[in-house]
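Fit chain V to the supplied structure of chain D, relying on the hints for placement.
First to last, the sequence lines map onto chains D and V. Position one of the first sequence corresponds to residue -9 (our numbering), numbered consecutively onward. Position one of the second sequence corresponds to residue 166 (our numbering), numbered consecutively onward.
You can take every hint at face value.
Facing chain D, a subset of chain V residues (Cβ under 7 Å, in silico):
| no. | residue |
| --- | --- |
| 1 | LEU228 |
| 2 | ALA229 |
| 3 | SER315 |
| 4 | SER318 |
| 5 | VAL319 |
| 6 | LEU341 |
Hints in this document: simulated from the structure, not taken from any laboratory. In this text, a Cβ means the ideal position worked out from N, Cα and C, and glycines have one as well.
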Amino acid sequence: MNAVLAWLTDPANWHGQDGIPVRTYQHLLYSFVALAAASVIAIPLGLWVGHTGRGRFLAVNLTGGLRAIPSLGLLFTAVMVLGPVLHGDAGIFVPTEIVLTILAVPPILAGAYAGVEEVDPAARDAARGMGMSGAEVLWQVEIPCAMPLLASGMRAATLQVVATATLAATVSLGGLGRFLIDGLGQLDYPQMAGGAVLVALLALLVDLAAATLQRVVVSPGLTRKTGRSIRFRPRRAPVRAT
Amino acid sequence: MQWIFEHLNDIGYYAVQHAWLAGLPLIIGLVISIPLGWLARRYRGLYTPVVVGTGLLYTIPSLALFILMPLIVGTQILDPLNVVIAMTIYTVALLTRTVADGLAAVPESVVASASAMGLGRVRRLFTVELPLAVPVIAAGLRVAAVSNVSIVSVAALIGVPQLGSLFTDGFNRDFLDPIIAGVIACVLLSLAFDIVIVVVTRWLTPWRTA
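Next comes chain V alone, as it looks inside the complex:
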């Protein structure tokens, strides 16, 4: 365990990189999923193709997706952008359905009242429907966050530095300490993401007391 205390700086650097690679796609993915989920909810015929389509993207194993990224978007293999785009794809795959289901869970009577008050479609979406769908979307976001933190570590295999680098480093040197440190740091990081999402959700939904 001595090793861990001597290398706290490196671990910290990797953790920050990891947080970026897992967190940024979470935000971009959410921004993309909201209109997609709204479309799937608004036009019933689109629900199945959108949900099945994003579901199919989710079946692609992460290492394969990281490696295929340069072929699809023309980046270099070592570019961290590959990881960000791939993780965004996974986030969208998870969240689109959540957004659609969250919007569907808003009571009809509330939507009707909003329309009766004279709210247009866009205002109604942003001031009534989306706020009420926050708990459902947040639940999906928590799943995506934990999943992202875990998947990003695989990117160490294609040489993108983050906490997963501790795994490859330890394995190559037949040295367990860095691997244990990496696993603990990953679990702590996903816990931190989870706490942030829960706190923001509470702040966004002050009417929920629980």
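With the rest of the complex left out, here is chain D:
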């Protein structure tokens, strides 16, 4: 325990290219890129599925089925298949980001389509009755009303990606996972455990930030903080598997 604390407080570990700040930055960078890519793919797709009701069966099964595939196996496969095709650092970075993106898509997709699907039909009809066009209904009624579930899907995806980004170190990429993997390789328990503490802390902080953001983006009209209330049934966020 003391050795772990000593490792964490050693100034030498807080400097340079393999220092804690740089590793944290890399970890967040990998996570952010994957989340951005997954959002670009999954949010429009999920809104479309929810809005039109088309492809729902596929979306549900894709979401459930992807969960069963072990991320470590997926990561190794991606790096071994794509690595030789791409050149240099991209040979590791690109497959890793692809895997992280694949893991982030299901929760976001599920949040988006379930969110739109759960919108009170009365609210949608009222919007139509007011003369709103399909696009207006989507942007001004369905998306705001879908926000609680969409945001919780984003939060679950964030958690999943930040956790899995730890594994990037196993394919010789950076991130906080480096301390865990290097520590294992060198049988250096303080480094391993110190790194593990940092990874756990980062995951907690990111989840806290996501929870705060979730509150900000959800309209107060949906959480009954105003007098009028629209039906809002909270649903469990999809689950991470790493």
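Chain V alone, transformed into the frame defined by chain D:
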């Protein structure tokens, strides 16, 4: 693919280890979650702390939790017990809320009828409330089972043998076959867990025809 057929014995051994490491925590976790979920349901003030607390445990990435286990419980780093305890923590984190929500979904009138028939709190819980909460709990258990099977494979990195060992083995030798075999075996194993849970649920809830 030749490799897979030549190594079916090894794959089988890893699959059995994997099933233990993922399945045992599922059962222990369920046994722990029932009283915790009941407490969270019985005393409303406890619901938020219990749900938030177990939720926080779930945010800890698996590799980090495996490595921190020796520090917390004093085991050796290679001890499979680390994996069992860590997976139990994840299972409890997922199931406690499910149990609380499942108990909350039991109709008030049914609970009141049971009390009126003279059932005490404990008997009412085991003979009326829990059986009616089985479908909800089973749904949570299915999620936990799939998630456990996937997470356990990460334990290969800390040298605990199971299907994930096929991933590290294949990656170290730059050989894809073991990795593919491992992925397929993991998916089949989680499918098997899923089927077992569905069958047991049907058996426990004979009044549901669907």
